[in-house]
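J.: Here is how the chains run, residue by residue.
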Amino acid sequence: MKPIEDFVSRFNASISLDDNLIIKKENRYFLINERLGSQIRKDFFYAGAYLGKVKDGIFFPSFILLSMMAEGRANKIMVDSKTAWLFICGRDIFKQGILNMRGSKGKGDYALIVNQHNECLGFGKILCNIDEGAEKNEVIVKNISDIGDFLRRER
Amino acid sequence: MSGKGFFVRRYKELGWAYKEFESKPAIRINTMNANEEDLLERLESLGVVLEKIPFLENGYWVCRSEFSVGATSEYLLGLYSIQEAAAQIPAILFTGLENKTILDACAAPGGKTVQLADLMQNAGAIIALDAERRRLAALSNQLERCRVRNTIVYLLDARESSRLNIKFDNILLDVPCSGNYVTDKNWFSRRTLEDVEKNAELQRQILTEAFRVLEVDGEMVYATCSLEPEENELNIDWAIKTLNLGIEEIKCHGEKGLTNVFSKELDTSVENCRRIWPSKTQGFFVCKLKKRESS
Chain A
-9 MKPIEDFVSR FNASISLDDN LIIKKENRYF LINERLGSQI RKDFFYAGAY LGKVKDGIFF
51 PSFILLSMMA EGRANKIMVD SKTAWLFICG RDIFKQGILN MRGSKGKGDY ALIVNQHNEC
111 LGFGKILCNI DEGAEKNEVI VKNISDIGDF LRRER
Chain B
3 MSGKGFFVRR YKELGWAYKE FESKPAIRIN TMNANEEDLL ERLESLGVVL EKIPFLENGY
63 WVCRSEFSVG ATSEYLLGLY SIQEAAAQIP AILFTGLENK TILDACAAPG GKTVQLADLM
123 QNAGAIIALD AERRRLAALS NQLERCRVRN TIVYLLDARE SSRLNIKFDN ILLDVPCSGN
183 YVTDKNWFSR RTLEDVEKNA ELQRQILTEA FRVLEVDGEM VYATCSLEPE ENELNIDWAI
243 KTLNLGIEEI KCHGEKGLTN VFSKELDTSV ENCRRIWPSK TQGFFVCKLK KRESS
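Order-wise, the sequence lines are chains A and B.
For the first sequence, position 142 (counting from the first letter as 1) is numbered 132 according to this note's numbering, and the numbering increases by one without interruption.
For the second sequence, position 192 (counting from the first letter as 1) is numbered 194 according to this note's numbering, and the numbering increases by one without interruption.
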C-alpha cells in the first residue's frame, strides 16, 4: 500500500501493517483484522481502523494512523499545554512552545505533534533547521493537520 | 389527538405527573483509550466539575464547565464521549460481550456503537447499520475519534438486516422513535398520536427482522427515548406474543414496565422492562429480550 508507506516514511516512522488486512474502498484505506475480514461485504461504508484517503494524488492520513505512528519510532515534537491547545485550533508552532523533539529536526521534514501525555494531536512540517538557532517567537512548525478537524468537519 | 394537554393527560393516566426538566449533560469515559482516574484529574484541572452517575460505571454528569466539553483535547482524542445518562444504559445490559458478533441495527450517530466497542475492548465484531447516508458520516467520525477498530458500517435499513447473512450473538435495537419533550422543546407541538403509531409500526418491523438474524439464546436490547407506551410496553408485549422472545430481568435505573396501559392488560413479564420518566435523565425505555430455543 504505497501511499501509506510513503507517508509513514516521511516521519522516519516504523509501523508494520499487514497488506492482506488493508482494504481499499474507493479512495479510502482501512485496516481490518481477520475476524472482520471473515464478515465483511464489498458494499461496506467504514471498517476496522480507518487509515486515510488519497485525494488528487495526496494521501491524507486518519488520526488513527497518526496515533499508531506515535506509538513507535517517528519524528515527534512534544509541545507545552498552551501550544497544544493553539495547535488544535489550527495554529502553527513557535519555538518557545516546544518541550522536546525526537528524530529528525531538519527543514522540510514532517513531525508528529504530541502533548505532554504523549498523545498525538496531528502533524506538521518543520520550516527551518531547529538546531540552527531559530528565534523563540519564530514559527518552527507549520500545522498541516490536527484533531480539531473533528469539530471543523461538523460545521 | 395531539397537543401538550392530550399527552400530559395520557402520562397522568399512566401514573406520572408531568414536570418540566432540563436535560443534564453527561459524559462516558472510554476505558479502551483512557485511565479513568487520570482523565478525571485532567478534566478537574481544566475546571470541569463532574458528578458520578450512581447507576453507571463510567458515566459522569457535567455540573459545571466554562467551555463546551465537546471541544477539549481530551474529547477530540476519544478519551471520553458525550452521552446522555439514560442513553448509557442499553449497552451495559448485555451479558458478556467478549469476542461476540453484535448488531447495532440503528447505529448513527454512534454513541452506543462506541460504548459497545469500549465494553468489548475493541475486540470481537460490531456490525453497525443506518439507513441514512448523511448520518453515516457522523458515525464514522465518532469511530475515528474514539479509535474504534472492531466495527463494520453499512448503509442498510435495519429491516433488511438478513441481507448480511450473519447470525448475531447480540443485537442492540436503539430504534428510531418519537423522542420526548426533555430533549426537544417543541415536542408537544410537533408530535401527534398518529406519528407515535407510525413509529411503533416501524419499530415492530425492525423487531421482526432483528429476531430473524438473532442466534437462539441470543440477547436483544430494545431501547427508545419515547414516553409513549405504543413504542414501548405495547410493542414489547406484541413481540413476546408474536416472536417467541422472552423478557429478561434486568437490574438498572428506572421503574418497572407498565402492565396495564389504558386499561389493556399486558403480559406480566412486561414489568421486567424499565421505564424512565424524566427526572435526573431524559425519558427512556429499555428492556432485554432473549430468543427462546423452541422458536
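Any given hint could be a false lead.
Said to hold, decoys possible - With the C-beta cut set under 7 Å, the calculated list includes, among others, these residues of chain B facing chain A: (1) Leu138; (2) Val155; (3) Leu157; (4) Lys243.
Stated by the list, open to error - Simulated crosslink set (DSS-like; lysine-lysine; CA at most 25 Å straight-line): (5) Lys(-8)(A) to Lys14(A); (6) Lys169(B) to Lys200(B); (7) Lys14(B) to Lys282(B); (8) Lys266(B) to Lys6(B); (9) Lys32(A) to Lys292(B); (10) Lys102(B) to Lys32(A).
These aren't lab readings, by the way, just hints derived from the structure by calculation.
Don't be surprised by glycine CBs; every beta carbon is placed ideally from N, CA and C.
J.: Quick check on Leu157(B) please, does its C-beta sit within 7 Å of some C-beta on chain A?
T.: holds (5 Å)
J.: Would you mind confirming whether the straight-line C-alpha gap from Lys169(B) to Lys200(B) stays at or under 25 Å?
T.: violated (28 Å)
J.: Holds or violated: Leu138(B) as interface residue toward chain A, Cβ cutoff 7 Å?
T.: Since chain A brings a Cβ to about 5 Å from Leu138(B), closer than 7 Å, the hint holds.
J.: For the pair we were handed, Lys266(B) and Lys6(B), check the Cα-Cα distance against 25 Å.
T.: holds (23 Å)
J.: Quickly compare the C-alpha distance for Lys14(B) and Lys282(B) to 25 Å and report which way the hint goes.
T.: Holds - the C-alpha atoms of Lys282(B) and Lys14(B) are around 19 Å apart, at most 25 Å.
J.: Has the given pair, Lys32(A) with Lys292(B), been kept, meaning a C-alpha gap of at most 25 Å?
T.: Distance of about 31 Å is beyond 25 Å: violated.
J.: Given Val155(B) was flagged as interface, is its beta-carbon under 7 Å from a beta-carbon of chain A?
T.: Nearest chain A Cβ about 4 Å off; hint holds.
J.: Just to be careful, I want the Cα atoms of Lys102(B) and Lys32(A) compared with a cutoff of 25 Å; is the pair within it?
T.: Holds. Lys102(B) to Lys32(A) sits at ~22 Å (cutoff 25 Å).
J.: Is Lys(-8)(A) within 25 Å of Lys14(A), Cα to Cα?
T.: Given pair Lys(-8)(A), Lys14(A) holds - Cα atoms ~12 Å apart, limit 25 Å.
J.: Hint validation: Lys243(B) versus chain A, beta carbon distance must be below 7 Å. Holds or violated?
T.: violated (33 Å)
Hint compliance for this structure: hints 4, 6, 9 are broken, all remaining hints hold.
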